[in-house]
Amino acid sequence: MTSHAGARLLALPPSAVLGRPAETLADVDATLEPDAVWLLGPEREARAFARTRREFDTPAFHPPLETNDGPVSRQALGAGLEVAVVRSIRALRASPADVSRALSDTRSSSTPIAVVCDDVTTTTRPTALETTLEGAAELAAALPTGRVTAVLTGGLPADYDELWHLEAETGAVRAVEHEPQLECEPAGDDCVSVRVRGVGPVEGYGGSASLAVLELDETGVTTVDTSDTSNFGLEAVTGIGPKTAKRLADSEVTTRAELLETPIDELADYPGVGRDGARRMHRHATVLETNEPRRLTGESLPGEGGRPPLCLDIETDGLSPTILWQIGVYDPVDDSYRAFVERDDPDDPAPVLESFCDWLFASHPDRALLTWNGWRFDYRHLGSFVTRHVPYYADEWESVPKFDLYDWAVREGHALLPGRTNRLDDVAGALGYEGGGTGLDGAQTAAAYQRFVRTGEELDWDRHEAYCEDDCRALWHVYDRLRGAPRAADPSDTSPADADGATPTGTSGGEQTGLGDF
Amino acid sequence: MNTDDTADEDAIGPADGNRGDVPITGDELLETFPRYRDDEDVSVLEIPGREASTVPNDEVLRPELAGPLEQDLYAHQAEALAALERDENVCVATSTSSGKTRIYALEIARNVLEARARGERSTAYVLYPTKALSRDQERELNDFFEQLGLDISVRVYDGDTDPGETRRQIREEADVIISNFAGVNTYLHDHDRWARFLSSCELVVIDESHTYTGVHGMHVAWVLRRLKRVLEYYGADPQFALTSATIGNPGEHSSALIDEPVTVVDEDGSPAGPRELVLWNPPARARADGADSDSTTTGGSEDEADDAVVDRVPASVEAPKLLSHLCYHDAQTLLFTPSRKLSELSIRRASTHRRDRSRYYTNPDRGSEIEPYHAGHSRTKRHGTEHRLKTGALDGVASTNALELGINVGEMDATVQLGYPGQRQSFWQQIGRAGRGTKRALSVLVAGHRTLDQYVANNPDYLLETDVEDAVVDVDNDAVFARHLLCAADELALEEADTGAFAGRERLEGAVEMWRRAGRLAGHLETGVSYVGPPRPQGSISLYATSGEEYVVELADGVDERHDPEMEPLAEERVLRDFHEGAIRLHEGQQYEVVGVDHDSPRPTVTLRPTDADCYTRTRTDVTVLDAVPEESREIGDFALHFGRGRVLVYHGTYDRVDVDSGDPKEQGIPTENPPLSIETQLCWLEVPDRVERALVERYREFSLEDEDGDGDGNEPAATAHLGYAGGLHAAEHATIGVAPLELMVDKRDLGGLATLSIDSHLERERGENGTTGERAPRNVAAAEATVREIADGLEHEPKSGWFIYDGIDGGLGFSRAIYENFEAVAERARELIADCDCGRVDGCPACVMDDQCGNDNQPLHREAAVDVLDRLLGNEDREALEAPAETEPGGDRRPPLFYS
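Keeping their order, the protein sequence lines are chains B and R.
Sequence positions in the first sequence follow this note's numbering and run 1 to 518.
Sequence positions in the second sequence follow this note's numbering and run 1 to 901.
There could be a bad hint or two in this list.
Residues from chain B shown here face chain R by an in silico Cβ test under 10 angstroms; the list is partial [what the hints assert, rightly or not]: (1) Ala46; (2) Thr123; (3) Asp161; (4) Ile323; (5) Ser384; (6) Tyr449.
Listed next, the stretches of chain R that the computed footprint assigns to chain B, with coverage defined by at least 3 CB atoms under 8 angstroms from CB atoms of chain B [stated by the list, open to error]: (7) 508-514; (8) 517-523.
Cβ pair distances, simulated, as ranges [to be verified]: (9) B:Glu185 / R:Ala786: 55 to 61 angstroms; (10) R:Ala82 / B:Asp395: 49 to 55 angstroms; (11) R:Glu631 / B:Glu396: 45 to 51 angstroms.
These aren't lab readings, by the way, just hints derived from the structure by calculation.
Quick reminder that beta carbons are idealized off the backbone N, C-alpha and C, glycines included.
In isolation and in its complexed conformation, chain B is listed as follows (with noise of 0.2 angstroms):
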């Protein structure tokens, strides 16, 4: 992790503290560097966060025992930052003043950057079509009008962002923006806006990701990022689950170091686990440990032995695109960099797969093309979008070579990554790629294109684009260090991964799930 200016705040579930081995809530400790740590409600769990202050070196609190101010209280996080921390929405609306009070004090060097409650959450009742905000009528009685506040609460999921208009008199909903990232504006005067994110877990693919990591400055949050804590300690290494991390710390075996101290034979010997299962938990902690990527096969790597393939990187309007507006192509030969980019009628999907196609099959027709995680996203829509949009050119498409390295690595199981996910920018990042830092993720730039569809409102064409060349780039260097990695030396070992076991970090399964995945 960069140094940070602002404060990062960490925000955990009971249930990833409990039943976890100390050192993994250590080791989650040491990677994220959290400022404060939010052990999340709403139920009460005195039992989790006494472990969590136990376990974690900087303030922590769990707003259902936030009792000593009264129903709100107020939590620095660092950096001179702070937060109101609402026990719950019973106590807000006991005395809503208090909140009042609490976000204009001024005898305070600070006013809080945003309120916390986590039984603020969204109810769906698809019978009337309607999704109602628990708390609405306390947090407009409580709330400030014509501004907007940030309320951020475990209710809600972490990739939760919405804003939402309230009347301040009922708090009966005028209206809900949902791009607050794009624009985030209050709705008069007599309106209490409140800008509602989640912290709470993610469901994805193979389980779900329930730490989140929340950077904030003076101006609020900033991001928020997610993993889970089976990314940490003993758990992060291939085949480690919580059961064998609990018996591996039965027997002090509680770090990566101490495991890679342990004999293979006796790893061996733990239920479920066996010779080859020890083998692989030493190399991936290995991997872990050192950040060298390991190949486990004696596969060529894909387009490995002839020119090396073009890095390829789309960027949609969106999880079920409509058009994909920027095709980028990195070639490591000369290490030059082609976008295609619709700027100019974002109607026609054709245009800009055109001259794709144009400039692939002219100047480089014999070359493979690399992404990563390909199949369940760029080539999959590629595709499709070809055979729509540009079918003279769907026969040349169908010939061309294409690789997922994702897939070659982490789906059958051929080489162990390092990096505390499966997402480019983690594994690319731990092997020592330095980013662009555009800051931006793939739901971003979807938003921001389908405003530009919209409105006209011109991207910031610049960053995006350097966004996209930014995974082009990356994803060469991690190629490029697989390349240069130690083949499997016993080459009776050539068995892929298994299927328990088959992810070496976080998020398994590997279909998209988010723009921001990948």
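For chain B, the structure is supplied; the task is to place chain R on it using the hints.
Frame of chain B, contents of chain R only:
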């Protein structure tokens, strides 16, 4: 297998043409059956036969197809093929074995030949309701194409298909893919993998389409709408061919399913011999032999636990005797039983009957090859039985409705039905199994004790009326729509183009906004809305529930798997009512006790254990209706009928254990530990005019209840002048719900009702000044009832009385709307049922107005008052006949706000 079997499912002509004319007639059956019977218990109806109407093949088909076909096309086959040629969608609603499969098989062949001539491909997606039918039809279609000398590959692709390479190969190569709707729902997620198949798709076949009604039907309708979006994306615009049993509204039903106009072909051109239909009410059982009653025979189906005072031999005992008897007389016979267990048991009882009457059946081996058939048997065993039936090696089979849908077993001489199958549509489909070409056929219906059975037995004309039930499928349920919208957005971005095509603008925008606020969708309709929630929303669609919350039924640990009831997943509403912990359910003839219910896990479950108890359980239910808002209204005479939406609070709070034999409660008021259930649903309600009410209150003011139920639950019928009239409303409410299945393909278990003296207090009120706060809805039934009484007390005018009928499923099913539209027909049946019942009791019997789901323990009920109400509604009596007292006398007793569910 009979590999040279050239007949497809519906081919004409007997599999073996050697049998003589009908081996036994209806009259002969009556003469020969060994036991005295009362003439009044049996009626024999004659249904005339029908000549074949055919069209020469070469008038309809190209020579390659016309040539190899051995028989000419029936007129309806030709008509359907002509309509398909005109690019129309068709629904073929003709009898069993009338050659419906052949229509779409020939259309597929035609499409493939034409496409190949152009150097292109043509594919077809063929969807069956069951996996068993899919496998059967895969064989039939492959055989048929082989017979035509065509290289068309037909493959099944469903949950049983090997994953990986096999699936890829089928998607890439098959011309015809057979699947089911659960499969389509799942596979749409990966439509890019199906691009080749979908982009060439020219025909979608929906076989047995009449089975898609109720909750399941509306899911199917939405899966089809999603499929159509994806097909359109790939440039395909296929036609739809639906095949249906005879139903009342094939065109309307098909159009509702596929959201396109449909041409109905229902003039059956296949030949049929004359048929004798014997309605057989079993003889009275000698009072003394009550001991011989068998606990497994008291309930025909899973949910019918009769507590009637039974004095006839049960159908489950009588029907196997008829099976045995008919087989003895050389008639190959199919017995339809309502459960797997009864199909097994019937075989035993058939042979017991032979032995018991050995003096009569002198040759014990004659016609004794009889076997059971049901989905619990292995596939191999079932195929063996099907084959042996087809070739005549079997004399008879006792089957569940597994043989009702189109599996090819050839044609029988006779059918016997153990109990009325509940629907005319199903009744005709089953008896259609008998009839070899134009020879005479015999069908016997053995009536059970249930309301519907006795109605049919006493009203033989009912079966012969031309009307068949309407199939109800409804796409207005927003809960179901909203779930499929998430899937649609996951499959392809939702766009402007979806307004109108997928849903009306207001509804689409409303649902998108709802899901955006919930963080499940992102983007705008102008530019594309994508799904951003947890992966694979298709996986959360339950095709049998509206909320997506469905409960998987599991066996308790350690119970032998062969006891697995293999039940469909259950909707939450049914779990709360029928599958609370401690409930004893009869499913396919086996008793199960619910030993656990997990409401909270991500995968809710109901755990069962087989049991053998001498009791069943009956849930006590408190219901009230709140905030009903009329959307449509009409007048029937001076009655007002409304349809609309509202909230129904249902609390299945306690249950009773009831003795199977006596129907007496053994233990009462056991708590279910259930949470209360609040559903937003569709309702219809009838308002009785003041004049009628006043007259009937007056007429029945002497009515009172014996004070035997002092259970102190606060809702005892108070002694009041209104009680008799209220009992009439309550009885009429039970009866209208009870007979609804006679007119409509609705499931009574999905309907509920509430009779009330104060309809107005169940309607939505004008919003008060502080009416906008979030928590205005009472959280439990007691509070809701208190609210209703409070509103009643506060009303400034005298409220209307009447009764509500509601859909018992969140969001509604379209059932109460169908009842709204067909109310007169339903009321007419209800009146007949009550008036004609010979129970002779004021408060009726389980065959007329008592209902074992009644939340008020069937009190008060008043048959005569109910008939009076219905007569006024139907205009059966002169206005003068009823002398209404003058307007409410000032200071007269205010009516109590009574209501009964």
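Hint-by-hint comparison with the structure:
1. Annotation: interface hint on Ala46 (chain B) violated; nearest CB of chain R at approximately 22 angstroms, more than 10 angstroms.
2. Interface hint at Thr123 (chain B): satisfied, since its Cβ lies 9 angstroms from the closest Cβ of chain R, which is below the 10 angstroms cut-off.
3. With a least beta-carbon distance of about 8 angstroms to chain R, the hint placing Asp161 (chain B) at the interface is held under the 10 angstroms criterion.
4. About 8 angstroms separates the beta-carbon of Ile323 (chain B) from the nearest beta-carbon of chain R, less than 10 angstroms, and the hint is met.
5. Satisfaction of the interface hint for Ser384 (chain B) is found here, the shortest Cβ-Cβ separation to chain R being roughly 5 angstroms, below the 10 angstroms cut-off.
6. Here the hint on Tyr449 (chain B) is kept, as its CB sits about 8 angstroms from the closest CB of chain R, short of 10 angstroms.
7. Three residues within the 8 angstroms Cβ limit are the bar, and the stretch 508-514 of chain R against chain B gives 4, so the coverage statement holds.
8. Restraint check on the stretch 517-523 of chain R versus chain B: 5 residues with Cβ-Cβ distances below 8 angstroms, three needed, restraint holds.
9. For the pair Glu185 (chain B) and Ala786 (chain R), the supplied restraint of 55 to 61 angstroms is violated, since their beta-carbon distance comes to about 46 angstroms.
10. Range check, Ala82 (chain R) to Asp395 (chain B): Cβ separation about 39 angstroms, and the 49 to 55 angstroms hint is violated.
11. For the pair Glu631 (chain R) and Glu396 (chain B), the supplied restraint of 45 to 51 angstroms is violated, since their beta-carbon distance comes to about 57 angstroms.
Comparing the model with each numbered hint stated earlier shows that hints 1, 9, 10 and 11 do not hold.
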